[in-house]
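S.K.: Now for the letters of each chain:
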Amino acid sequence: MKLCKLTACLVGAALIAPVVAFADADLEKLMSNPANWAAQAGDNYNQRYSQLKQVTAANVNKLQVAWTFSTGVLRGHEGSPLVIGNMMYIHSAFPNNVFAYNLDTNEIVWKYAPRQDAAVIPQMCCDTVNRGLAYGDGKIILQQADTNLVALDAKTGKVVWSVKNGDPKLGAVNTNAPHVFKDKVITGISGGEWGVRGYIGAYDLASGKPVWRGYSVGPDSEMLIDPAKTTTWTDGKVAPVGADSSLKTWKGDQWKTGGGTTWGWYSYDKALNAMFYGSGNPSTWNPAQRPGDNKWSMTIWSRDVDTGKVNWVYQMTPYDEWDFDGINEMILSDIKVKGKDTKALTHFDRNGFGYTLDRTNGALLVAEKFDPAVNWATGVDMKSGRPMTVAKYSTARNGADVDTKGVCPAALGSKDEQPASFSPQTGLFYVPTNHVCMNYEPFKVEYTAGQPYVGATLSMFPAPKSSASQQEGTMGNFIAWDGGTGKIVWSKPEKFSVWSGALTTAGGVAFYGTLEGYLKAVNVKDGKELWKFKTPSGIIGNVFTYEHKGKQFVGVYSGIGGWAGIGMAAGLEKPTDGLGAVGGYAELKKYTDLGGSLTVFALGN
Amino acid sequence: MKFPYAVLAALSISAMLLGASTRALAFEYPTVDRVEFVEFCAMEHPNKPHQEMVYKCSCLIDQFAKQVSYDDYVDLSTAFKAFSIAGEHGNMIRDSSTGIALNKRYKSIMAAAKTSCFVQ
Chain L
1 MKLCKLTACL VGAALIAPVV AFADADLEKL MSNPANWAAQ AGDNYNQRYS
51 QLKQVTAANV NKLQVAWTFS TGVLRGHEGS PLVIGNMMYI HSAFPNNVFA
101 YNLDTNEIVW KYAPRQDAAV IPQMCCDTVN RGLAYGDGKI ILQQADTNLV
151 ALDAKTGKVV WSVKNGDPKL GAVNTNAPHV FKDKVITGIS GGEWGVRGYI
201 GAYDLASGKP VWRGYSVGPD SEMLIDPAKT TTWTDGKVAP VGADSSLKTW
251 KGDQWKTGGG TTWGWYSYDK ALNAMFYGSG NPSTWNPAQR PGDNKWSMTI
301 WSRDVDTGKV NWVYQMTPYD EWDFDGINEM ILSDIKVKGK DTKALTHFDR
351 NGFGYTLDRT NGALLVAEKF DPAVNWATGV DMKSGRPMTV AKYSTARNGA
401 DVDTKGVCPA ALGSKDEQPA SFSPQTGLFY VPTNHVCMNY EPFKVEYTAG
451 QPYVGATLSM FPAPKSSASQ QEGTMGNFIA WDGGTGKIVW SKPEKFSVWS
501 GALTTAGGVA FYGTLEGYLK AVNVKDGKEL WKFKTPSGII GNVFTYEHKG
551 KQFVGVYSGI GGWAGIGMAA GLEKPTDGLG AVGGYAELKK YTDLGGSLTV
601 FALGN
Chain C
1 MKFPYAVLAA LSISAMLLGA STRALAFEYP TVDRVEFVEF CAMEHPNKPH
51 QEMVYKCSCL IDQFAKQVSY DDYVDLSTAF KAFSIAGEHG NMIRDSSTGI
101 ALNKRYKSIM AAAKTSCFVQ
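Going down the list, the protein sequences come from chains L and C.
For the first sequence, this note's numbering assigns the number 1 to the initial residue and increments by one for each residue that follows.
For the second sequence, this note's numbering assigns the number 1 to the initial residue and increments by one for each residue that follows.
Extracted from the complex, chain L is given alone in its bound form:
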């Protein structure tokens, strides 16, 4: 394993103490200046809120295109660029090119084009996306699809260190953004559809040296769980998990291919020295093959950033029967929950429930449906913390080769990875959602290393109307949510599911993108649409904002890879091909102008 270049290791080792303290303070300072967008969420709390207020609810309709940038790469573009001072760092979908762009001169200062084996492409279940870069200690951190975690000198683009985070031959690949917390780079792994056993890993920011790795399932020692100290919500209180809390919930050795991958957005509370994230679905999708609660898949985690030790866990969907992958972001906020000031963690799960927990100890405070269409469970039992499931929607009870009909939400959930935003100004969460149900038919599969391990066939359809303003057949909503009470404040219907990350600003505006390619601005108070602009392709990226030379800019990636002619050229012979059906990039050169693009807006003079 190549850990780092010798010189970089030596430098890192020699300077480790002063560099650590400096890196932490440096990034914090950058994040506190709203002119920057120094982390994927703008901050460590995953709030995606900006203090900038030049663009307001009153003038947002005057936004116009200031500049654009084409990444030259087709396929879905998720995440957002970073802005640090006069530099913007732009990333692309596979092959994960990185551009350093000088905002003063409008020139590319450096470009990093990793050489990755194209064999990794068919190992990616859900398009060859990359959710963006991280910054820390003068380095730009890139988590490549082939699992190489690479630190680039932010000034020159030269590789400072590179470390391998997983084995793509076994289906372990990366799509998540790395996160810099304190003196560490935190990253996860994808491949739940390939039977990969998920983990979260910390690497030393200075040297790239692995520091700790904590698995989602398996023996306590490998999860970094202390049976006496790690707690969970049970029987109406927080209590230690006890020995073998994961092993006891799996049949035999099935935990070894048990999933629980970790490809979402992580958050960090400096005061608690803790990081928070979610683990994904257990493998396979056929529940009959893995009896038990399958702990700790589908779980909210709190870990100590220095050691990886688990503070607490809360499993949302024990014994998953629907692929309600639990990786969505954990948003930290200090809000009133049921009238009481709380250090809260709020999470919108695929399973359709919006959870608020006390992030200091993992106590369950709120668990309510954020789409009224959700029907697989009637609610969450607040004492046990378990969902109260409905028998007729149980794919396990109905069994293999039986089509369970009308389950809401569909496998992609009431919300997928696209991150929500929290506005401290209103105290509300702004959530892009799906409004889709499914028929789900599990079937038996054998595990083969490096091959898809799915075991279910799905068909989907729009959920029934959930509000008076919603038309029949619409597939998404953009909602405002009160995390302290678990109630929808307003809901704005969208024809298609909303797959773009949201942004809120001190100007009283919430932004999000749509599959049609619209970037939309709505009033945070009532969801009234204030402005929209159609970008060249559907938006699955996250909206971000920054300030340069006294002007506020708002930007977003567009690019879903959805131009039909190109789809065919790209080797998607049959449009019904699903998992892993991406490839053939060689033929695409002539179309690259149609690839992912960044569109940046500002108010006209």
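These are calculated hints, taken from the structure and not from any lab test.
Predicted model, so just to flag it, every value in this text is computed and none were measured.
Glycine residues also receive a C-beta, built at the ideal position from the N, C-alpha and C atoms.
Honestly, I wouldn't trust all of these hints.
Stated by the list, open to error - For each label pair, taking beta carbons as the anchor points, the in silico distance ranges come out as: (1) C:E28 with L:P464: 29 to 37 Å; (2) L:K256 with C:V35: 30 to 38 Å; (3) C:V35 with L:D104: 29 to 37 Å; (4) L:K155 with C:V35: 35 to 43 Å.
Starting from the structure of chain L, add chain C where the hints point.
M.R.: Chain C alone, transformed into the frame defined by chain L:
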């Protein structure tokens, strides 16, 4: 040959009306979308003379404009493009009843438009 003024006037009025209504339909679509459509469409026919494709692709988007409102066109074309999105996101459109119906409509309008615009 003398042409009765009344007939001439009637003809010119109806021509004006026809012109006006066609124009209203065609120009309901924002310029940027029409330009994008024509550009991408021409790009899909790299072996044809560019100017020929500008005429034919303009004809195609005009056919859409005659039949569906701009918002409906956006829905139809979104569903059609989404059919080529890889992975589960694409599945959500491909496998959904809404996506299937929209895509079918887009294809049928396009097929008829191609015939009348001489696009192979």
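S.K.: All the hints need checking, so say for each whether the structure fits it.
M.R.: Hint check results:
Restraint check, C:E28 to L:P464: a C-beta distance of roughly 32 Å satisfies the suggested window 29 to 37 Å. The hinted range of 30 to 38 Å is not satisfied by L:K256 and C:V35, whose Cβ atoms lie roughly 55 Å apart. Taking the beta carbon of each, C:V35 and L:D104 are about 31 Å apart, inside 29 to 37 Å as hinted. The hinted range of 35 to 43 Å is satisfied by L:K155 and C:V35, whose Cβ atoms lie roughly 39 Å apart.
Taken one by one, the earlier hints fail for this structure only at number 2.
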